[in-house]
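Student: Sequence:
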Amino acid sequence: MKNQFFFLFTCCVCFFAMGSRAQEATYEPPKLSDSASWSLVLLPDPQSYVKFERNQGVLELMTGWISEQIEPLNIGMVLCTGDLVEHNDWLNPNGTQANQPGKQQWQAVARAFGRLDGKVPYVAATGNHDYGVKSIEYRRTNYNQYFPVDKNPQSQKLLRDVGIDNDGYPSLTNATYEFTSPHGRQFLVMVLEFAPRDTVLRWAFETVNQERYANHTVILLTHSYLNSASEHIVKEGYPITDGNYGAAVWEKLVKPSKNIQLVFSGHIGKPDDILGHIGFRTDTNAGGKTVQQMVFNAQALGGGWHGNGGDGWLRYLEFLPDGKTVNVKTFSPLFAISPATRHLAWRTAGYDEFSFTLD
Numbered sequence: 009m010k011n012q013f014f015f016l017f018t019c020c021v022c023f024f025a026m027g028s029r030a031q032e033a034t035y036e037p038p039k040l041s042d043s044a045s046w047s048l049v050l051l052p053d054p055q056s057y058v059k060f061e062r063n064q065g066v067l068e069l070m071t072g073w074i075s076e077q078i079e080p081l082n083i084g085m086v087l088c089t090g091d092l093v094e095h096n097d098w099l100n101p102n103g104t105q106a107n108q109p110g111k112q113q114w115q116a117v118a119r120a121f122g123r124l125d126g127k128v129p130y131v132a133a134t135g136n137h138d139y140g141v142k143s144i145e146y147r148r149t150n151y152n153q154y155f156p157v158d159k160n161p162q163s164q165k166l167l168r169d170v171g172i173d174n175d176g177y178p179s180l181t182n183a184t185y186e187f188t189s190p191h192g193r194q195f196l197v198m199v200l201e202f203a204p205r206d207t208v209l210r211w212a213f214e215t216v217n218q219e220r221y222a223n224h225t226v227i228l229l230t231h232s233y234l235n236s237a238s239e240h241i242v243k244e245g246y247p248i249t250d251g252n253y254g255a256a257v258w259e260k261l262v263k264p265s266k267n268i269q270l271v272f273s274g275h276i277g278k279p280d281d282i283l284g285h286i287g288f289r290t291d292t293n294a295g296g297k298t299v300q301q302m303v304f305n306a307q308a309l310g311g312g313w314h315g316n317g318g319d320g321w322l323r324y325l326e327f328l329p330d331g332k333t334v335n336v337k338t339f340s341p342l343f344a345i346s347p348a349t350r351h352l353a354w355r356t357a358g359y360d361e362f363s364f365t366l367d
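So my numbering is basically just the index in the sequence shown, starting at one, shifted up by 8.
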């Protein structure tokens with residue numbers, strides 16, 4: 009009987025060991041499909057990583073992974089979709105919605121992005137949670153204090169245009185950054201505040217339509233734009249009266265501009281539901297150019313609103329040397345860090361791994 013038990017136990021151990029080795033053997037780390045490509049990393053809303061102290065290390069892991077991949081993936085830019093924190097000014101969190109006050113949340117997200125300072129340019133949008141006490145009860149944000157213009161010299165040298173905040177002061181919550189890809193294509197990244205005001209949209213339209221940007225490919229980065237049905241968001245119930253959501257941003261800025269070809273946003277989510285966090289659509293602007301619009305978030309994956317913050321998911325977009333093809337990949341450095349979970353590190357469904365083209 010003892011020998012039979014030992015035999016069964018040994019078989020089980022061998023079976024699990026073989027399974028683990030098979031999973032590890034089939035895992036392939038991220039790499040470019042063409043060594044001449046360059047990539048752009050899209051970081052979804054970090055808010056649920058920083059609102060609990062226990063989750064902050066996951067965001068550090070993600071930016072640490074990006075830092076290590078700058079050369080292998082030829083990363084030219086990192087974009088973050090906003091909601092950098094869950095609570096901008098909340099002083100006494102209740103331990104359930106968060107256990108870190110706003111100050112500690114801002115310190116945590118600034119520290120995580122600090123792993124990229126001086127190494128690669130990054131631009132971060134501001135979301136509704138980055139204003140007010142908990143969620144844009146007023147249009148004041150601590151963003152400028154924790155992400156000042158000289159925080160990352162790599163971003164600062166690309167800065168071209170600066171808009172104004174609600175108090176009339178220059179602010180990086182509305183700004184543009186210019187860079188040229190390794191293939192010679194000129195890009196302009198425009199970041200806009202959450203639900204941008206009419207004055208901001210007018211500034212944005214006038215800015216991207218300057219003659220000096222006529223031949224640029226403009227990337228618009230803003231927090232709230234598409235819903236999970238890939239529709240432009242028409243209205244949301246926040247206590248502001250001067251905001252423009254996705255449909256208005258499309259009609260007032262993106263559609264009438266001739267050079268905006270990419271729009272990235274975040275904001276949306278549904279507990280442990282991938283499809284509640286993503287969307288994609290293609291339209292045509294006034295110049296007859298295709299506009300590829302993507303929403304990507306992950307904040308309620310990995311346990312819902314009070315889980316681990318998003319399972320470490322990010323996306324990287326590979327821009328191929330043909331100058332028009334872009335491959336999208338969805339990857340989690342959190343799962344990839346251990347051989348026991350590497351088989352979970354890729355999301356390969358058609359809505360997570362796909363290609364599109366630029367005009």
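Please note that a few of the clues may not be correct.
[As the list claims (entries may be wrong)] The calculated lysine-lysine pairs, modelled on DSBU-like cross-linking and capped at a C-alpha distance of 30 Å, are:
#1 K337 x K165
#2 K39 x K111
#3 K278 x K127
#4 K260 x K278
#5 K260 x K243
#6 K142 x K159
#7 K39 x K142
#8 K266 x K278
#9 K278 x K165
#10 K297 x K243
Source of the hints: derived by calculation from the structure; they are not laboratory data.
Student: Confirm or reject each hint.
Tutor: Okay, the hints, checked on the actual structure:
no.: 1; hint: K337 x K165; in the structure: holds, 28 Å
no.: 2; hint: K39 x K111; in the structure: violated, 37 Å
no.: 3; hint: K278 x K127; in the structure: violated, 34 Å
no.: 4; hint: K260 x K278; in the structure: holds, 29 Å
no.: 5; hint: K260 x K243; in the structure: holds, 15 Å
no.: 6; hint: K142 x K159; in the structure: holds, 25 Å
no.: 7; hint: K39 x K142; in the structure: violated, 39 Å
no.: 8; hint: K266 x K278; in the structure: violated, 34 Å
no.: 9; hint: K278 x K165; in the structure: violated, 38 Å
no.: 10; hint: K297 x K243; in the structure: holds, 27 Å
In this structure, the hints that do not hold are numbers 2, 3, 7, 8 and 9, in rising order.
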